[in-house]
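Every letter in the sequence shown is one number past the one before it in my numbering, and letter 105, counting from 1, is 105.
These aren't lab readings, by the way, just hints derived from the structure by calculation. Note that the Cβ used here is the ideal one computed from N, Cα and C, for glycine as well. A hint or two may mislead.
Stated by the list, open to error - Using 25 Å as the maximum straight-line C-alpha spacing, the simulated SDA-like pairs for lysine to any residue come out as follows:
1. Lys258 - Asn296
2. Lys155 - Phe76
3. Lys110 - Asn296
4. Lys253 - Ile297
5. Lys301 - Glu282
6. Lys253 - Tyr240
7. Lys187 - Phe76
8. Lys181 - Lys110
Stated by the list, open to error - Restraint ranges, calculated between C-beta atoms of paired labels, are given here:
9. Glu39 - Arg302: 31 to 37 Å
10. Asn276 - Ser42: 32 to 38 Å
11. Asn203 - Ile63: 21 to 27 Å
12. Glu272 - Asn35: 34 to 40 Å
13. Pro107 - Glu287: 15 to 21 Å
14. Asn220 - Phe76: 40 to 46 Å
15. Asn220 - Gly171: 21 to 27 Å
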Amino acid sequence: MLASKNSDTENENNTKQQTPRHNLSFVAIQKEDWNQIMEEESINDFRQKDLTLALFYSTFLTIEDHINLMHIFSQFKDFEMPNPQEPSAYYAELIDRDVGRTYQQIPQFKDKQKQDQLRTLLLNYADYDPAVGYAQGMNFIAGTLVYFQVPQPQKIFNELIYNNRNNYIAGTPGLFENLAKLKFKLKTSIPKLFKHLQDIGLNDLGICFSPYYLTMMLQNTPFQYQILILNIYQLMGQKYITKLLIAMLKLSKNTIMKLKDVEKVNKYIRTELVVNFFQEIEICRKEQRLIQLLFNIGLIKRVNQY
């Protein structure tokens, strides 16, 4: 879970104990640092990569804290919607169809009020950025903001999509670029797994990984971690999501290597990869070895590797 208020001191001490002995290339962010950030509403005194890692191990941060951080990390400080216009019937039809498909396993999303909120966010963005309009995947991002009742959701949603709009514009050049980078990283970082995927006939990584980029990794991420993921996007952008996917693949390498069927691999990567990752995060938090895990899967490096 994101919050564990009864273990503030324990969590802080565990981080301090784990960090020095590894000689690692990050500065631990402590509770007083987060308090400073909240009070000053500024991250100017901290490195973004240190804050990103701290989002994983700072268990004293509550959901409300993460929502506040989303606004602190935001670069759209003075956002205003343009004068509303009627979106094209084409986008309106696509949005209406996908609103009914968004997080349908969650009872709240069957509620008309929630669906109307979701529809409004999507229609407003189509008006805000007509060159992009609407594309599948955006509905899950908007749905997360609706689910957590994030203040000023239109500002946050527009910023998230606009900063990654190349994933959604015609031809999706950003998506293809991300998949090419992922393929290169997979081939160089986990060559045995890359060869296994090639051997079973999974040559197009987009089959498995496109939803991660188009939904900002939210579609199958457990809800308690979704705001954390969006905060990573706010801090580091989609380049870090590629890094995070490689880390998840390292963690699940042995499991995937045992799967010899493309459909089974596809299903595991699309639905279980991220769940397994966060389950391991929780286990390592409890066993006080989270920093070691982050090092083992490449999210932290030694100083001489940086």
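Practice task
Output the numbers, in ascending order, of every earlier hint that fails for this structure.
Solution key: 3, 7, 8, 11, 13 and 14
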